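Starting from the structure of chain X, add chains P and E where the hints point.
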Amino acid sequence: MLGEASKAQLAARLTATHSEFSGVPPAWVHVIFQEYPAGNGFTAGEPAAAVALTLLIRSGRSGEYKRDLLTRIWESLQAATGAPDDQIVIAILEGAPSQAMEMGKIMPDVDPSRH
Amino acid sequence: MLGEASKAQLAARLTATHSEFSGVPPAWVHVIFQEYPAGNGFTAGEPAAAVALTLLIRSGRSGEYKRDLLTRIWESLQAATGAPDDQIVIAILEGAPSQAMEMGKIMPDVDPSRH
Amino acid sequence: MLGEASKAQLAARLTATHSEFSGVPPAWVHVIFQEYPAGNGFTAGEPAAAVALTLLIRSGRSGEYKRDLLTRIWESLQAATGAPDDQIVIAILEGAPSQAMEMGKIMPDVDPSRH
Chain X
1 MLGEASKAQL AARLTATHSE FSGVPPAWVH VIFQEYPAGN GFTAGEPAAA VALTLLIRSG
61 RSGEYKRDLL TRIWESLQAA TGAPDDQIVI AILEGAPSQA MEMGKIMPDV DPSRH
Chain P
1 MLGEASKAQL AARLTATHSE FSGVPPAWVH VIFQEYPAGN GFTAGEPAAA VALTLLIRSG
61 RSGEYKRDLL TRIWESLQAA TGAPDDQIVI AILEGAPSQA MEMGKIMPDV DPSRH
Chain E
1 MLGEASKAQL AARLTATHSE FSGVPPAWVH VIFQEYPAGN GFTAGEPAAA VALTLLIRSG
61 RSGEYKRDLL TRIWESLQAA TGAPDDQIVI AILEGAPSQA MEMGKIMPDV DPSRH
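Chains as they are written, first to last, in the working numbering: chain X, 1 to 115; chain P, 1 to 115; chain E, 1 to 115.
Next up, chain X with everything else stripped away, as it sits in the complex (with noise of 0.2 Å):
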């Protein structure tokens, strides 16, 4: 489990390399750690310290931003959690921008200039 700081770090690294990526500000960027217990992790049926990021974005976005964007997100998620290769899983879920909420508005269509 990461400590207080490097959770921090790692939150900081993610939303400037999400902002950056996307064009959007920050302020649009939520990063929330669902820790679990030793015990409550699994990989390959057995007891492991599994680290799953599950990224939540709109549609729109090319191929070749989604595979720079998670290849980013790996090496900042490596670096700060020190998990091997085998314990860390990244997937990218999308949902039409109108079927999201931020801000106290439906989310506007990705800008064609930063996809």
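Just so you know, the hints here were simulated from the structure itself, not pulled from any lab data. None of these values were measured; they are calculated from a predicted model.
If you anchor each label on the Cβ, the simulated ranges turn out as follows:
#1 X:Tyr65 x E:Gln34: 22 to 32 Å
#2 P:Ser62 x E:Pro26: 38 to 48 Å
#3 X:Gly3 x E:Ala52: 24 to 34 Å
#4 P:Ala49 x X:Leu2: 18 to 28 Å
#5 X:Ala96 x E:Gly60: 16 to 26 Å
27 Å max Cα-Cα, derived BS3-like pairs, lysine-lysine:
#6 P:Lys7 x X:Lys105
#7 E:Lys105 x X:Lys7
#8 P:Lys105 x E:Lys7
Computed, partial: chain X to chain P, Cβ under 7 Å:
#9 Ala11
#10 Ile32
#11 Gly95
For glycine and all other residues, C-beta sits at the position ideal for the given N, C-alpha and C.
For chains P and E alone, kept in the frame of chain X given last:
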């Protein structure tokens, strides 16, 4: 973090809203609060009591249905938590009805008269 | 809440089922239990020990594959938890293989002979 009574009240309201919108029995609506301690939530890279609600529904609803539902849920969530606009995010995730199982059965398609 | 042995047994069974169905090595299967205290789960707006399993897979599997997988997982989940039918919900969420990263690599497409 919400107290026990506030969570029960919010769950009841979300369930009523969702059941009314979707035309499905309340027993098909499940609400789970995944709380986290201070230091695990971040907005704009800074520690924050971010409120993230992910709504998992069957695909097949119209854009108008989803926008109206989001707006109603936002109001309930903000009334219950008192969180400012920049600390709330709500996203709808969809899956084909055939990809979900409830009551021991693969889920039926959405009622075309209630979309 | 499941005991340590029950969680390990369920994780082993889910991993074996998923690996057998998908044709991927068990090391690609991660299981995480996100427990919650009494008072945080609701069904039909009333406090309940709702069991929600979200399964995140690569897109590209057939409808039959997904229905069979859901049915098998339902059986394992109900056997392990003893939860009644109205307290279990299982949903498959999909993402393009190019949107996920594991073992340090962007994920490959699904094996067309195992869909």
